[in-house]
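The primary structure of each chain is shown beneath.
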Amino acid sequence: MPQTMTLETFTQLVGSYGAEPSRWPDEHRAAMHDFLQNQQSAQAVVGREGSLDDWLDQRLEPASDILHARLMANMQSQLSPLETSAEPQQSPAPSLTRRDYISAALPLAACFLAGVIFAPDALELVLGGPDILASLDLFADDLLLN
Amino acid sequence: MMTAYQSSSEIERMSLLDDDALMVEIGNGSQFAGHVFIERHLSYVLHVCRKKLGREAEAEEAAQDVFASVWKNAGHWQAGQAKVTTWLYRVASNRCIDILRRRKPDIALDDAGDPADDTVDIERAQQTTDQNRLIRQALGRLSQDQQRAIELVYYREMAQREAAEMMNISLPALESVLRRARQKLHNELAGYRVQLQMV
Numbered sequence: 012m013p014q015t016m017t018l019e020t021f022t023q024l025v026g027s028y029g030a031e032p033s034r035w036p037d038e039h040r041a042a043m044h045d046f047l048q049n050q051q052s053a054q055a056v057v058g059r060e061g062s063l064d065d066w067l068d069q070r071l072e073p074a075s076d077i078l079h080a081r082l083m084a085n086m087q088s089q090l091s092p093l094e095t096s097a098e099p100q101q102s103p104a105p106s107l108t109r110r111d112y113i114s115a116a117l118p119l120a121a122c123f124l125a126g127v128i129f130a131p132d133a134l135e136l137v138l139g140g141p142d143i144l145a146s147l148d149l150f151a152d153d154l155l156l157n
Numbered sequence: 304m305m306t307a308y309q310s311s312s313e314i315e316r317m318s319l320l321d322d323d324a325l326m327v328e329i330g331n332g333s334q335f336a337g338h339v340f341i342e343r344h345l346s347y348v349l350h351v352c353r354k355k356l357g358r359e360a361e362a363e364e365a366a367q368d369v370f371a372s373v374w375k376n377a378g379h380w381q382a383g384q385a386k387v388t389t390w391l392y393r394v395a396s397n398r399c400i401d402i403l404r405r406r407k408p409d410i411a412l413d414d415a416g417d418p419a420d421d422t423v424d425i426e427r428a429q430q431t432t433d434q435n436r437l438i439r440q441a442l443g444r445l446s447q448d449q450q451r452a453i454e455l456v457y458y459r460e461m462a463q464r465e466a467a468e469m470m471n472i473s474l475p476a477l478e479s480v481l482r483r484a485r486q487k488l489h490n491e492l493a494g495y496r497v498q499l500q501m502v
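Chains as they are written, first to last, in our numbering: chain A, 12 to 157; chain B, 304 to 502.
Among these hints, one or two may not hold up.
Between beta-carbon pairs, the in silico distance windows are [unchecked claim]:
(1) D321/B with S62/A: 30 to 36 Å
(2) S62/A with R404/B: 37 to 43 Å
(3) A41/A with S311/B: 49 to 55 Å
(4) G383/B with A84/A: 30 to 36 Å
(5) N85/A with R404/B: 20 to 26 Å
If you're looking for bench data, these hints aren't it; they were derived computationally from the structure.
Bear in mind that the values here come from a model prediction, so they are computed numbers and not experimental data.
For every residue, glycine included, the Cβ atom is placed at its ideal position computed from N, Cα and C.
Given only the sequences and the hints, what does the whole structure look like? Please build it.
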């Protein structure tokens, strides 16, 4: 059951919900209407709150998030950021350093050395003993002499 | 790559620039300047397009075209020749006329509004967006709860009980939040009125 409207209650309610009766609480609306009709001080309260309502009404409907995102995306595709051009350009083919050459040559040198050390034994094992090697030497000498 | 901190300080730096300087930065390809430009002028451009077209989808289409025109032409912008907002208004008006003609191919130029004689409209649109900016600033100074209460009860016209439930507070608490919010807004409004009287 709504209590009898007083200026204090009226001021508090209008101070919360503004001057527009459609925003007033349902259970108080009729009593507030009656009070407003009969009390000049209530009309002053409504006038004061109404000016704030009018001011707040001037807020424009904001742009949708979708439109905002589209505009940002379009802008980013149309403008190239300055900081990118200020950054050093990465060379597509980086030049080789001395360290690169050394690390590439080391495995090759190791293979060559292993070849010098182990090649005679390997040939002997494959071709079947020192006689064969000796005849190969003779054959080579003949070729060189001819 | 820029860090988030560097980006935000760059945006802050750009937001201190006036419109002419911002156009120069955009002409140089600065996305930060573009970001600030959108934040600064989107409400204005959209307001103009909404007023002229009345349909949200078409207004959004026109607004996108206006900003595309900015990115394209900023490099040729000559400071001091015209106000950026005046130029934006004209670009928006012309685009809206194109859209109105597409809607009704036989529309006469006079019916669509003559963009050559629209000084009053430009000023009015500018005042509306300036006012909008002030209201948003004032609302932005409220606490989170107060902002939410005003948004729900005032702008979304939600019933008090429903708004209180959404905010997970009692009805008397909602009334108290709203009262404090409106009191703060009264003070802000009084401050602006004093500023306006001083101008």
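Going through the hints against the structure:
1. The beta-carbon spacing between D321/B and S62/A, approximately 32 Å, falls within the hinted interval of 30 to 36 Å.
2. Checking the proposed 37 to 43 Å range against S62/A and R404/B shows it holds: the Cβ atoms sit about 42 Å from each other.
3. Between A41/A and S311/B the Cβ separation comes to about 53 Å, which falls inside the hinted range of 49 to 55 Å.
4. G383/B and A84/A have their C-beta atoms about 32 Å apart, which keeps the hinted 30 to 36 Å range intact.
5. Between N85/A and R404/B, the C-beta spacing of about 24 Å keeps the proposed range 20 to 26 Å intact.
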